[in-house]
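Peer 1: Residue-level listing of the chains:
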Amino acid sequence: MNIKEYIESGILELYVAGALSDKENEEIYALLLKHPELLDEVLKIESTIVTLTAAVSPTNTKHLFRAVKEKLGIQIDKETPVRPLHKPRPNWFSYVGWAALFVIGLGLLWLINQNNILKEQIQTVETDKELLEVSLEKYSNDLIESKQLISFLRDKDIIAVPLAGQTVSPDSYAKVYWDKKTNTVVLDVQGLPEPPKGKVYQVWSLTLNPLTPTSLGTIDTFSTDDNKLFTIENANASEAFGITLEPAGGSDSPTLEQLYTLGAVETS
Amino acid sequence: MQLEQLVSRFQKKDEKAFETLYQMYSESMLGVIYNIVRDHDVAQDVMQEVFIKAWHSADSYSPKKGRFFTWLINISRNAAIDKIRSKSFKNSNKNLNADYFVDIIQNHDSLDDKTDAIGIKAFVGKLAKKCVEVIELLYFKGYTQKEASETLEMPIGTIKTRNRNCINELRLMLDV
Numbered sequence: 001m002n003i004k005e006y007i008e009s010g011i012l013e014l015y016v017a018g019a020l021s022d023k024e025n026e027e028i029y030a031l032l033l034k035h036p037e038l039l040d041e042v043l044k045i046e047s048t049i050v051t052l053t054a055a056v057s058p059t060n061t062k063h064l065f066r067a068v069k070e071k072l073g074i075q076i077d078k079e080t081p082v083r084p085l086h087k088p089r090p091n092w093f094s095y096v097g098w099a100a101l102f103v104i105g106l107g108l109l110w111l112i113n114q115n116n117i118l119k120e121q122i123q124t125v126e127t128d129k130e131l132l133e134v135s136l137e138k139y140s141n142d143l144i145e146s147k148q149l150i151s152f153l154r155d156k157d158i159i160a161v162p163l164a165g166q167t168v169s170p171d172s173y174a175k176v177y178w179d180k181k182t183n184t185v186v187l188d189v190q191g192l193p194e195p196p197k198g199k200v201y202q203v204w205s206l207t208l209n210p211l212t213p214t215s216l217g218t219i220d221t222f223s224t225d226d227n228k229l230f231t232i233e234n235a236n237a238s239e240a241f242g243i244t245l246e247p248a249g250g251s252d253s254p255t256l257e258q259l260y261t262l263g264a265v266e267t268s
Numbered sequence: 001m002q003l004e005q006l007v008s009r010f011q012k013k014d015e016k017a018f019e020t021l022y023q024m025y026s027e028s029m030l031g032v033i034y035n036i037v038r039d040h041d042v043a044q045d046v047m048q049e050v051f052i053k054a055w056h057s058a059d060s061y062s063p064k065k066g067r068f069f070t071w072l073i074n075i076s077r078n079a080a081i082d083k084i085r086s087k088s089f090k091n092s093n094k095n096l097n098a099d100y101f102v103d104i105i106q107n108h109d110s111l112d113d114k115t116d117a118i119g120i121k122a123f124v125g126k127l128a129k130k131c132v133e134v135i136e137l138l139y140f141k142g143y144t145q146k147e148a149s150e151t152l153e154m155p156i157g158t159i160k161t162r163n164r165n166c167i168n169e170l171r172l173m174l175d176v
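So the protein sequences, as listed, match chains S and G. Residues 1 to 268 in our numbering are what the first sequence spells out, letter by letter. Residues 1 to 176 in our numbering are what the second sequence spells out, letter by letter.
Keep in mind that the hints were calculated from the coordinates and are not lab data. It is possible that part of the hints are untrue.
[Claimed, not checked] Straight-line alpha carbon distances no greater than 25 angstroms define the calculated PhoX-like cross-link-like pairs of lysine-lysine that follow:
| no. | chain 1 | residue 1 | chain 2 | residue 2 |
| --- | --- | --- | --- | --- |
| 1 | G | K65 | S | K34 |
| 2 | S | K44 | G | K121 |
| 3 | G | K87 | S | K71 |
| 4 | G | K87 | S | K44 |
| 5 | G | K65 | S | K4 |
| 6 | S | K23 | G | K146 |
[Said to hold, decoys possible] If we take Cβ atoms under 10 angstroms as the criterion, some of the chain G residues that face chain S in the derived model are:
| no. | residue |
| --- | --- |
| 7 | V32 |
| 8 | K64 |
| 9 | F101 |
| 10 | H108 |
| 11 | Y143 |
| 12 | E153 |
| 13 | M154 |
[As the list claims (entries may be wrong)] If you want the footprint, here are the derived chain S segments under chain G, 3+ residues with CB under 8 angstroms:
| no. | stretch |
| --- | --- |
| 14 | 106 to 112 |
| 15 | 215 to 225 |
Don't be surprised by glycine CBs; every beta carbon is placed ideally from N, CA and C.
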């Protein structure tokens with residue numbers, strides 16, 4: 001193409017004016033990229049129009065840029081900081097909302113914690129109550145037993161037989177309370193020492209003439225019984241009672257060397 | 001810096017490039033706008049709005065569609081025309097004591113240093129009436145070549161060459 005002719009056609013002046021179609025504009029843009037002399041011509045035309053139109057301006061515009069910047073909220077020269085027109089204001093509703101949520105959250109956590117503490121306390125109190133009930137029943141039973149024992153001992157028909165310490169253990173003593181009506185013997189062995197391991201005390205009913213021992217049984221729970229009071233059946237016509245130390249399980253006949261206490265029934 | 005680069009940086013929201021382009025073109029835009037609205041304060045407001053709009057819609061400009069200056073002048077003309085058509089616009093303040101842009105230039109009481117130095121006031125007075133008309137329509141009013149052809153009742157080819165000759169006259173005066 002003839003560049004000079006193209007320039008002389010006046011199309012570039014119309015291009016700068018914006019008086020051409022989109023298609024023409026694109027064609028010229030492509031040509032400008034290819035031909036520097038065309039671009040140079042466009043720049044000169046443009047410069048002329050810039051000067052001409054600027055001459056119509058009634059005022060200088062430099063100072064007006066400040067307002068443009070302010071409206072756009074941008075800051076260009078550092079020396080004169082511009083306060084953005086729409087300064088982002090803190091969103092108080094949002095802040096207050098989040099703060100409230102946080103506080104409510106904390107409150108909930110505190111309440112849950114308190115609830116758990118109270119539940120634990122209730123559990124503890126209930127356990128204590130159960131323990132107290134157990135204790136109460138135990139003491140109540142103990143009291144009944146004690147009352148029964150007292151009434152038993154006070155019965156006018158009760159025969160009390162003190163058993164005295166013998167050679168193997170002179171300091172030992174025991175007592176037998178014998179109710180002939182009910183064939184019951186209550187044995188108080190508070191005064192006997194703890195039996196050695198593997199040994200038990202065995203209680204004997206004796207008739208003296210001839211000397212015949214009848215076993216009333218062994219005291220297997222000596223160590224664990226606090227009262228050291230044992231109730232035993234005794235249907236014999238006992239004339240004396242004795243307690244010997246025997247191997248665990250008891251013996252058929254008393255080991256006389258290990259006779260701890262012995263006492264005869266007073267005949268009235 | 002190359003104008004293309006400057007525009008490209010502006011499109012990427014480079015504030016410094018924006019300010020440079022403003023300094024290059026804001027007075028031209030104010031001239032075009034003032035020629036339409038004929039009111040100092042309104043023209044200034046519209047010109048500022050044009051640059052704000054340009055900043056926000058920088059993406060919509062493409063070099064393929066034309067010169068950046070042309071894009072900007074288009075926004076300015078449209079904004080000015082919208083303004084004089086709006087209800088809030090008061091005709092009373094309009095400076096109607098001028099028909100064409102040249103009259104405004106001639107009527108300037110106190111020209112600033114720049115235009116005074118160029119001496120454009122003296123030059124534009126020498127422009128032929130036919131030049132004033134065609135320049136007015138094509139550059140200040142944004143007429144297409146077809147619209148200008150119809151308004152001035154001359155063929156499109158004549159509009160083209162006449163305009164070319166008128167601009168050349170101006171270039172001679174301005175030594176561009």
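Peer 1: Can you give the numbers of the hints that this structure goes against, from lowest to highest?
Peer 2: Violated: hints 4, 12, 13, 14 and 15.
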